[in-house]
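Using the sequences plus the hints, can you model the full thing?
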Amino acid sequence: MSERLIFETGQPGRANTYFPNGRTADEFLPASALRDALPLPDNSELDVVRHFTRLSQKTFAIDTGFYPLGSCTMKYNPRVNEAMASQPGFKDLHPYAPDPLAQGALRVMYELERSLSAIFGMSAFSLNPAAGAHAELTALLIAKAYFAKIGQGASRTTVIVPDTAHGTNPASAAMVGYKVISLPSDARGRVGLEELKAAIGDDTAVCMMTNPNTLGLFEDHIHEIAEAVHAVGGLMYYDGANANALMGNARPGDMGFDLMHLNLHKTFSIPHGGGGAGHGPVGVAERLVPFLPVPIVTLDESGAYHLEHEREDAIGTMRSFWSNFSHAVRALTYIYANGGEGLTRVSQLAVLNANYVRARVKEFLPTPYDETCRHEFVATAQELKRETGVRALDIAKALLDRGYHAPTVYFPLLVPECLMIEPTETESKETLDGFIAALRDVVETAKRDPQAILDAPVHTVVGRIDETRAARHPDLRWVG
Amino acid sequence: MYAPHTDSDIAEMLAVVGVSSLEELVEVPDAVAIAGPLDVPPSLPEIELAAKIAGYAKANTAVGYTSFLGAGAYRHYCPPVVMSLAMRGEFLTAYTPYQAEVSQGYLQAIYEWQTYVCLLTGLDIANASVYDGATALAEGAIMAVNATGRRAILVSRAVHPNYRAVLRTYARGLELDVEELPVAPDGTTDTTNLEARLADKRFAAVVVQSPNFFGSIDAPAADVVAAIKATGTILIGVVAEAMSLAVLATPASWGAEIAVGEGQSFGNPVAYGGPYVGFIASTKEHMRRIPGRLVGRSVDNRGNDAFTLTLQAREQHIRREKATSNICTNQAHCALVATIYLAAVGASGLRRAAVLNVERTYALAERVAAIDGFSRALGAPVFNEVAVRVPATFGAARVLAELERRSILGGVDLGRWYPEFADCVLMNATEVTTPEDIDALCVALGDIAAAARESAAVHV
Numbered sequence: 001m002s003e004r005l006i007f008e009t010g011q012p013g014r015a016n017t018y019f020p021n022g023r024t025a026d027e028f029l030p031a032s033a034l035r036d037a038l039p040l041p042d043n044s045e046l047d048v049v050r051h052f053t054r055l056s057q058k059t060f061a062i063d064t065g066f067y068p069l070g071s072c073t074m075k076y077n078p079r080v081n082e083a084m085a086s087q088p089g090f091k092d093l094h095p096y097a098p099d100p101l102a103q104g105a106l107r108v109m110y111e112l113e114r115s116l117s118a119i120f121g122m123s124a125f126s127l128n129p130a131a132g133a134h135a136e137l138t139a140l141l142i143a144k145a146y147f148a149k150i151g152q153g154a155s156r157t158t159v160i161v162p163d164t165a166h167g168t169n170p171a172s173a174a175m176v177g178y179k180v181i182s183l184p185s186d187a188r189g190r191v192g193l194e195e196l197k198a199a200i201g202d203d204t205a206v207c208m209m210t211n212p213n214t215l216g217l218f219e220d221h222i223h224e225i226a227e228a229v230h231a232v233g234g235l236m237y238y239d240g241a242n243a244n245a246l247m248g249n250a251r252p253g254d255m256g257f258d259l260m261h262l263n264l265h266k267t268f269s270i271p272h273g274g275g276g277a278g279h280g281p282v283g284v285a286e287r288l289v290p291f292l293p294v295p296i297v298t299l300d301e302s303g304a305y306h307l308e309h310e311r312e313d314a315i316g317t318m319r320s321f322w323s324n325f326s327h328a329v330r331a332l333t334y335i336y337a338n339g340g341e342g343l344t345r346v347s348q349l350a351v352l353n354a355n356y357v358r359a360r361v362k363e364f365l366p367t368p369y370d371e372t373c374r375h376e377f378v379a380t381a382q383e384l385k386r387e388t389g390v391r392a393l394d395i396a397k398a399l400l401d402r403g404y405h406a407p408t409v410y411f412p413l414l415v416p417e418c419l420m421i422e423p424t425e426t427e428s429k430e431t432l433d434g435f436i437a438a439l440r441d442v443v444e445t446a447k448r449d450p451q452a453i454l455d456a457p458v459h460t461v462v463g464r465i466d467e468t469r470a471a472r473h474p475d476l477r478w479v480g
Numbered sequence: 001m002y003a004p005h006t007d008s009d010i011a012e013m014l015a016v017v018g019v020s021s022l023e024e025l026v027e028v029p030d031a032v033a034i035a036g037p038l039d040v041p042p043s044l045p046e047i048e049l050a051a052k053i054a055g056y057a058k059a060n061t062a063v064g065y066t067s068f069l070g071a072g073a074y075r076h077y078c079p080p081v082v083m084s085l086a087m088r089g090e091f092l093t094a095y096t097p098y099q100a101e102v103s104q105g106y107l108q109a110i111y112e113w114q115t116y117v118c119l120l121t122g123l124d125i126a127n128a129s130v131y132d133g134a135t136a137l138a139e140g141a142i143m144a145v146n147a148t149g150r151r152a153i154l155v156s157r158a159v160h161p162n163y164r165a166v167l168r169t170y171a172r173g174l175e176l177d178v179e180e181l182p183v184a185p186d187g188t189t190d191t192t193n194l195e196a197r198l199a200d201k202r203f204a205a206v207v208v209q210s211p212n213f214f215g216s217i218d219a220p221a222a223d224v225v226a227a228i229k230a231t232g233t234i235l236i237g238v239v240a241e242a243m244s245l246a247v248l249a250t251p252a253s254w255g256a257e258i259a260v261g262e263g264q265s266f267g268n269p270v271a272y273g274g275p276y277v278g279f280i281a282s283t284k285e286h287m288r289r290i291p292g293r294l295v296g297r298s299v300d301n302r303g304n305d306a307f308t309l310t311l312q313a314r315e316q317h318i319r320r321e322k323a324t325s326n327i328c329t330n331q332a333h334c335a336l337v338a339t340i341y342l343a344a345v346g347a348s349g350l351r352r353a354a355v356l357n358v359e360r361t362y363a364l365a366e367r368v369a370a371i372d373g374f375s376r377a378l379g380a381p382v383f384n385e386v387a388v389r390v391p392a393t394f395g396a397a398r399v400l401a402e403l404e405r406r407s408i409l410g411g412v413d414l415g416r417w418y419p420e421f422a423d424c425v426l427m428n429a430t431e432v433t434t435p436e437d438i439d440a441l442c443v444a445l446g447d448i449a450a451a452a453r454e455s456a457a458v459h460v
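Sequence lines, in order, name chains V and C.
Letter by letter, the first sequence follows residues 1 to 480 in this note's numbering.
Letter by letter, the second sequence follows residues 1 to 460 in this note's numbering.
Derived by calculation from the structure, the hints in this document are not laboratory data.
Heads up, the beta-carbon is just placed ideally off N, CA and C, and yes, glycines get one too.
Listed below are the simulated SDA-like cross-link pairs for lysine to any residue, each with C-alpha atoms no more than 20 Å apart in a straight line:
1. K447(V) with V361(V)
2. K322(C) with V180(V)
3. K322(C) with L414(V)
If you want the footprint, here are the derived chain V segments under chain C, 3+ residues with CB under 8 Å:
4. 35–49
5. 214–222
6. 310–317
Only some residues are given here: those of chain V computed to face chain C with a beta carbon under 7 Å:
7. A25
8. P78
9. A133
10. M255
11. G340
12. V461
13. R464
14. R469
Now the structure itself:
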């Protein structure tokens, strides 16, 4: 049942009266400054409510079901976070409110910054970047400024990125003008120390890694890798997309990382909101602190908080205003709800859930790296495809029919017909058992009756979509 | 704790995995093992947690003040229906709609947002959103660089200082030159030398903002636009106050090929700076250069209309270092809030709200200018902000401090960014500004003016 576009419903004058009818713009402004007609629809408030309620009902979410999307950490979003962020004291606070009248907000930012530094072993964090990719860009700009400062700006031109890295890593490097060197993983799914040593040198600016990597494996030579990169004068960057595996157990700072980012919308329970807003704080080791973007929250001896806007070596600022502040409230609420022990437990249970699913799934779908994983793992449908023609994509669609969101598919790129599964710690054993049974049913059905899987999904509001047509004949907006 | 595991669950699951304890499961090499417990306070039960964080919120006393703060973040009325719909868990806790078959609702909402942005800006296409207005400008500039192959941007000094700062930050990464156009005495962009500066065809884009940072309507005149286009330079129009689009001439109508801006005003709270919602719209010609997510309408295998993410060959997860941008996250939920806001208020409501902004700002300007020692600093027509010159003997900072003592936030001190406007305060009025607010401000300013005269007299 398709829902009509909001532009195809309503009648002029049908909207509720939200504002008094005042004068007209031409009483104040010259006609040349004014626009023609405003061609937007007027719908009744009830019609608006029904429209968006129906749209919400056609949207899969954590609140509606299990969402094992690898590398996205789709954990439960506690509602106390929403209640805290929506208090008038936070939501109605203007970014240009004078510091003495915004002490509560500055305290939130300060305490979040201190907490993140403690949890991840960095000297300081900036809450300025809006999301993970934005944070990567920020961190690489910090690296670039640092090398310029020490007189190596011209010679440090390359960034090392393992082939398991998120696509944002090389894209961010390109935005800072760095040449990307892709590093193949070794047979164990890790960065090979010898290959790394061959790739780095005087021209290495940054080595970008995530640990655990996107195969869900801990880079057990991380200490040696960091030593090698540091030996040639390069910096180590930690992509925090997979930080949910680490809390209370290991810290990027102790592993030798000089720069890192976090996705607060993953590890720290901020709702993903359909693809954003996120929040991507950047953490740095001590020698890079002067380059952090402004503003920075400081605490003076009298106990007052300040926003510092001027710092000589700062890379500048990354966004219109200070931070995705509402998300800082949510993240701090989450940290204080859990406490240090609780966060440690969060990571342990995230790893337990992933390993439990892995141990059960490998009974019917191969897991190419057969060892203890961290918060996520990969399985492959390569064999199944050979036997039955059913691909990872088909499995994903068949899972939708069974009431589950699909895992991430075809990523990381080095595993053919890859399914990347991250259950998160907030799912119960019963939910995991249900998912495992559904996945088993898909694989068994594929062997018995592959067409049934190739035809999936059939229980969703629409079937498979013609993406070629979408790209060849782009229809990106309604036109009357 | 939000994890549901009982001790017996954990024991059973560990047995399946074949590991004896949680600690063993997460073991790392000694060289990188953590030294001790996390230095984070112990967990709080929710009742105590809520009281603690509520205490932080209450410490933000500014929210109880009468406010004339704008400058890129605008206080507007948001009908309750907007958040009651936007906060539905299906919207709040979904992710990027990669699995289109189970995300048709959100995809349609984004498609509607893209359409709203097109209708408001007058341009052909719009993306699903970017982080905010400032990053939208940086991304728009990169589009122009990619379209022209030129590596310099000419930006009006009347563009929001924070937007220019972000543009410079991005430009350092890409090693682009950023140069500025001066501000004329009336508070609009000075284009007198523009033609000469464009002659060597070095600039990928000229960037102007309207209404500009001073609130002044600053759409370039037709002959200026013609001069820009004659050199193959792209005109980027910045709209930092989306509400203005309801009444002012669209960026497309004044010749912008790319329009970028901030959509916060549509239902999103000021929230101490974020999250907000940047938009990018452009002519069709730039479709494959636009960064970030795009939702398209196609058909499914049953013959139904269906929505999907499209033109993904531009994006980082496919193209990696050759992508049009590294952007991955968009501001979907803020864009959803804006979409629901626009759907609720409709054309009639949006226009009324926008006209009220103009009306109250002109009322504010007139009343303040009538106070001895205060005047409008700039002559150009404005939308919802006005630059006010204060008595030089006092200076903007002292006037604002005096107002603060009377629980009024009078605006921002323009001298912070513009030394030539050191005696000026940028004041904002919107539909939420009441006549009583303006009265309170004017009474306070009258007192301050009297004190200024007195102290001047004493010094004489």
